[in-house]
Amino acid sequence: GAGVSQTPSNKVTEKGKYVELRCDPISGHTALYWYRQSLGQGPEFLIYFQGTGAADDSGLPNDRFFAVRPEGSVSTLKIQRTERGDSAVYLCASSLTSAGYYGYTFGSGTRLTVV
Amino acid sequence: KNEVEQSPQNLTAQEGEFITINCSYSVGISALHWLQQHPGGGIVSLFMLSSGKKKHGRLIATINIQEKHSSLHITASHPRDSAVYICAVSFGNEKLTFGTGTRLTIIP
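Chains as they are written, first to last, in the numbering used here: chain A, 388 to 502; chain B, 3 to 110.
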């Protein structure tokens, strides 16, 4: 597609529920990143995919968070047993193989609210 | 771990003023990024720098690798420039480390 698409744009869920957030990167971008931005803060890294594999998942806060990218394009971030502290904007970005040369394109984010 | 600090955290200026936002980082990088985020909106990439200076319209970004410092300048500022400006650094194709952002408000 023309840009990075994230769905849904907004998600309200009850504490304890399971949620899935979707990111559709720019076609041909092999690198895909998930970040989380809490109110008033800069984004924080969660996980980075190169192709289908997670090259770096060191930012996932705990084992309730999991992400997949089975075909090397669309990625899904999955959060189990959601907690109120998970409320944030979840941002996705994609880049060509070497982001150092080509930079990043960000999606508009999914605003997750856990009530 | 690379620490990224921005200053000021908040900046209010009159339309037409020259704006400077600063960014410092703690360890060597391969690239520094300036990003813009409007309220409720996504993040837009403004510049990616590894050395020297870049200019796009009224925006200018500079980087001093030796001093680990970058500045973003806006000339002839306009109310539509009001946004959060974020500095982020990367090393190769790894994750970005972000600063906390500078909230810029331009008053007509």
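Worth double-checking, as some hints may not be accurate.
Some chain B residues near chain A, calculated using beta-carbon distances under 7 Å [what the hints assert, rightly or not]:
| # | residue |
| --- | --- |
| 1 | Met50 |
| 2 | Leu51 |
| 3 | Ser53 |
| 4 | Ile88 |
| 5 | Thr102 |
Note that these hints are calculated values from the structure, not bench results.
For each residue, glycine too, the CB sits at the ideal point set by N, CA and C.
### Message
Min Cβ distance, B/Ile88 to chain A: is it shorter than 7 Å?
### Response
holds, 6 Å
### Query
Per the CB criterion, is B/Met50 less than 7 Å away from chain A?
For B/Met50, the interface hint holds, since the closest Cβ of chain A sits about 4 Å away, which is under 7 Å.
### Query
Given B/Thr102 as an interface hint, is the shortest Cβ-Cβ distance to chain A below 7 Å?
holds, 5 Å
### Query
Hint check: is the beta carbon of B/Leu51 less than 7 Å from a beta carbon of chain A?
violated, 10 Å
### Closest C-beta approach of B/Ser53 to chain A relative to 7 Å, hint status
At about 12 Å, which exceeds the 7 Å cut-off, the nearest Cβ of chain A leaves the hint on B/Ser53 violated.
In this structure, the hints that do not hold are numbers 2, 3, in rising order.
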